[in-house]
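Student: Okay, here's what each chain looks like letter by letter:
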Amino acid sequence: MKKTLKNIGITSVILFVAFLLSLLFQNVFDVKEHVSTVFVFAVFLISLRTEGYLYGIVSAFIGVLLINYVFAFPYFAFNFTLPVNLISAIIMIFLSILTCTLTAKIKKHEQEKAEIEKERMRANLLRAVSHDLRTPLTTIYGSASTLLESPSSLDEGQTQGILHGIKEDSEWLLRMVENLLSVTRIDSGRVKISKTPTVIEELIDSVILKFHKRYPNQKVELTIPEDILIIPMDAMLISQVLTNLLENAVQHTEHMTQLSLSIYRSGQQAVFQVEDNGGGINPELLPNIFTGYSGLSDEHSDSHKHNAGIGLSVCATIIKAHGGEIFANNNQKGGASFWFTLSVEDTHDEQ
Amino acid sequence: MSNNKYKILLVEDESNIRNLISTILEAAGYHTIAVGTCSLALSLFASHVPDLVILDLGLPDRDGMYFLQAVRKEHNTPIIVLSARSHEKDKVDALDAGANDYVTKPFGSEELLARVRTALRNSRMNSDTLPSHDGKFILRELVIHYDARRVFIGDTEIHLTQTEYNILAYLSMHAGKMMTYSAIIKAIWGQSDEGSIKKLQVNMANIRKKFGAKPGEENYIINELGVGYRLNIDQKN
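Quick note, the sequences are listed as chains A and B, same order. Okay, so the first sequence: first residue is 1 according to the working numbering, each after it adds one. Okay, so the second sequence: first residue is 1 according to the working numbering, each after it adds one.
By construction, these hints were calculated from the structure, which means they are not laboratory data. Please note: incorrect hints may appear among the correct ones.
Ranges between beta-carbon positions, derived for each pair [claimed, not checked]: (1) Gly9(A) - Glu14(B): 52 to 60 Å; (2) Lys186(B) - Arg265(A): 27 to 35 Å; (3) Lys2(A) - Lys198(B): 29 to 37 Å; (4) Leu133(A) - Lys214(B): 35 to 43 Å.
As the structure is a computational prediction, the values presented were derived from the model and not from experiment. Glycine is no exception: its CB is placed at the ideal position from the N, C-alpha and C atoms.
Pulled out of the complex, with its shape left as it was, chain A reads as follows:
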């Protein structure tokens, strides 16, 4: 609907300008020969700027009629018997069809290029992920086989160690899979995510409870507004973001003693901020921190480092899908801080 209006608008404006120009040429400069050129150009522009063949061809016809009626001899009367008029009519329609075909081809080409680019990114991510999945699987597979095949040659401590390794690496796998699931939840169907009003206190409650299950010894200092704050969101996805940010701090920050999560309102935005007092982020990594996995395909370092990249890019994807913004920075007094914003009111309220 909007597109049709836009196309009609473009068509009328260009035709009108062409008409004015022709009037100007004919009446002020007394040039008669180039009127049809002006309209040919107009039709060309219209075909270029609008979608499909319809607008170009319609404007070609309008142009032909206008030239014939207004600008060609006999003036203010239709006459298609003169060969000059007929030829310019045919040329204009032909040109319009040609331009439309060409633009359609270019547009299709561009779309294909974007599609290929997207496909390439997906393949890269897939490659990085499979590489990352392999490492913990190696531990799990190897450990289980060891326990099965030579249970008697291991002492109690060794067995415990192997079992702990299995548990740790499966937890890591689980987190990875949860992140991937979150992304597919956004990608699938390309529909806007479904937001439901969520009480911030309840959201934080479940995030922190889950976090404490994984890291019983890591305290999180909480600051939440006194008044009840209800924000429309996909609660599962936002929990994922907060969990990623908190876990990221625990896993990748050295010398961290304090971890805090604060939520405050700033105008129509709610700000969620995760801060630590550890070593901060390497300034070189900072600009690309949310696009994570782009450069990692040729880098075969410790797989556990990659998880941060994927985790943070998942955060960025989720926040973007919510129409919010996400930032990372190093604090002046040391440590890193991540924060994101969500709109308090849903701009297009659901039903």
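Here the structure of chain A is known, so what remains is to put chain B in place on it, guided by the hints.
Tutor: Frame of chain A, contents of chain B only:
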């Protein structure tokens, strides 16, 4: 001895998971009957009359929901649903269809056993009637006097509004069971409209505040985002 054991029917088609759960349950002293299809589950349910069912929803022959509905027509046997992490809606649907609880895969043995204990305790208390002698509900420090409609934590009386009290009383009558938003709304307000969930959430926030609950710390009421609320009867430590 073995006659005193609780009988648990486990319905799960994935044989590795079935073995794992059976082992966990047997080790905890439950008698387990494990099956992999919906039809087998229905016939074994009829012949064994288990005390509890653990049900995976994705079964090869029929959807687990079919089993759930079929059993619920005639029995109150507690049913715990195993669900893969997906949308909240699946959980809500299962709970509204009569499931008592759900456990999200993957889960630890501790978590599963806690849910099993809770579900069994609930059915023993005959969860749909008042769980009390002399009109009182007691959970750790929390005491509810149903006749006087008064609530205490320790010696301190908690002053709740009518609605807040009704919600709390309703949760206490189904203590330990996850109650969906729609179930609570139906019980408290009768019918639901657009603002019902928000109304419930605001009342809940007030109850939490009056209870002095802090986010991220275990409290009397557990909230499950997008699903509902549960009175927490698991004694932590």
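Student: Hints the structure violates: just list their numbers, smallest first.
Tutor: none
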